Amino acid sequence: QKEVEQNSGPLSVPEGAIASLNCTYSDRGSQSFFWYRQYSGKSPELIMFIYSNGDKEDGRFTAQLNKASQYVSLLIRDSQPSDSATYLCAVPHGSSNTGKLIFGQGTTLQVKP
Amino acid sequence: DTAVSQTPKYLVTQMGNDKSIKCEQNLGHDTMYWYKQDSKKFLKIMFSYNNKELIINETVPNRFSPKSPDKAHLNLHINSLELGDSAVYFCASSLGTYRLSTGELFFGEGSRLTVL
Chain E
1 QKEVEQNSGP
11 LSVPEGAIAS
21 LNCTYSDRGS
31 QSFFWYRQYS
41 GKSPELIMFI
51 YSNGDKEDGR
61 FTAQLNKASQ
71 YVSLLIRDSQ
81 PSDSATYLCA
91 VPHGSSNTGK
101 LIFGQGTTLQ
111 VKP
Chain U
1001 DTAVSQTPKY
1011 LVTQMGNDKS
1021 IKCEQNLGHD
1031 TMYWYKQDSK
1041 KFLKIMFSYN
1051 NKELIINETV
1061 PNRFSPKSPD
1071 KAHLNLHINS
1081 LELGDSAVYF
1091 CASSLGTYRL
1101 STGELFFGEG
1111 SRLTVL
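Protein chains in written order, with our numbering: chain E, 1 to 113; chain U, 1001 to 1116.
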């Protein structure tokens, strides 16, 4: 089992819809979870992080964490064509002191006008 | 000002050649990394340095040799290039490994290596 798993997609949603991106992880001891966005041909950039069970909202983005079920999701409300990108879920490996971040394979989101 | 800069952005070379990628960050960060992203977008850590000291060395062929002359620079040298080395190599930095609890990696623009 991979440490961090995502459905590679593509996930296609119409403009204005809610896009739901999911990620599961294998290490029950994981404490923090991150979503990076990567536009085609560009580098990843951090858009959200979450530590606690429940929801964390930032503008149109909501991260949801369920540690018991070992999944974390990202909801994008009112999806825009500019949201079309690959979304990478990431989890620190073991102790965060090692600096090792494990990425999922990413989900490609396509928002159609 | 570019925070994390890599050169070159593109490399096209023949199998068996040796190549280097340079990385510099002006963020004052203590930790720098090399990540490899394959054609399926899978991003995997290769090395990390904290204040010039190697702290992560993943299962990477020893044809890959990182060097950190100071904490603002991390270079990657690859010997005897193989077809499977074709990928995008990203340099990244963070304030410190302890700060990775916030997941804040700042990535360079990437260096696309194509081995023919």
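These are computed hints drawn from the structure, not numbers from a lab. None of these values were measured; they are calculated from a predicted model. We put the beta carbon where it would ideally sit given N, CA and C, even for glycine. Be a bit skeptical, because a hint or two may be false.
[Stated by the list, open to error] Below, a list of computed lysine-lysine pairs in the BS3-like style, where the Cα atoms sit at most 25 Å apart:
no., chain 1, residue 1, chain 2, residue 2
1, U, Lys1052, E, Lys100
2, U, Lys1009, U, Lys1044
3, E, Lys112, U, Lys1044
4, U, Lys1067, E, Lys67
5, U, Lys1067, U, Lys1022
6, E, Lys56, E, Lys67
[As the list claims (entries may be wrong)] Chain U is faced by these chain E residues, among others (derived, beta-carbon under 8 Å):
no., residue
7, Thr24
8, Pro44
9, Leu46
10, Tyr71
11, Leu75
12, Arg77
13, Pro81
14, Ser84
15, Leu88
Each hint, compared with the structure:
In summary, the hint linking Lys1052 (chain U) to Lys100 (chain E) is supported, as the alpha carbons are separated by about 16 Å, within the 25 Å threshold. As the CA atoms of Lys1009 (chain U) and Lys1044 (chain U) are separated by approximately 19 Å, the hinted pair is consistent with the 25 Å bound. Restraint check: the Cα-Cα separation between Lys112 (chain E) and Lys1044 (chain U) comes to about 30 Å, which exceeds 25 Å; the hinted pair is violated. Of the supplied pair hints, the one linking Lys1067 (chain U) and Lys67 (chain E) is violated, its CA atoms being roughly 38 Å apart against a limit of 25 Å.
Proposed proximity of Lys1067 (chain U) and Lys1022 (chain U) is supported: the alpha carbons are some 10 Å apart, at most 25 Å. Among the hinted pairs, Lys56 (chain E) with Lys67 (chain E) is consistent with the structure: their alpha-carbon atoms are about 14 Å apart, no more than 25 Å. A hinted interface residue such as Thr24 (chain E) counts as satisfied when its beta carbon comes closer than 8 Å to some beta carbon of chain U; here the least separation is about 16 Å, so the hint is violated. The restraint placing Pro44 (chain E) at the interface with chain U holds, with a minimum CB-CB distance near 5 Å, inside the 8 Å limit.
Because the closest C-beta pair between Leu46 (chain E) and chain U is about 6 Å apart, less than 8 Å, the hint holds. Hint status for Tyr71 (chain E): violated, given a least beta-carbon distance of 17 Å to chain U, over 8 Å. Annotation: Leu75 (chain E) was flagged as interfacial toward chain U, and the flag is violated, the nearest CB pair being 18 Å apart, outside 8 Å. Hint status for Arg77 (chain E): violated, given a least beta-carbon distance of 22 Å to chain U, over 8 Å.
Given the 8 Å rule on beta carbons, the hint for Pro81 (chain E) is violated: about 20 Å separates it from the nearest Cβ of chain U. Because the smallest distance between the Cβ of Ser84 (chain E) and any Cβ of chain U comes to about 14 Å, over 8 Å, the interface hint for this residue is violated. Residue-level restraint check for Leu88 (chain E) holds (minimum Cβ-Cβ distance to chain U is 6 Å; threshold 8 Å).
Hint compliance for this structure: hints 3, 4, 7, 10, 11, 12, 13 and 14 are not met, and every other hint is.
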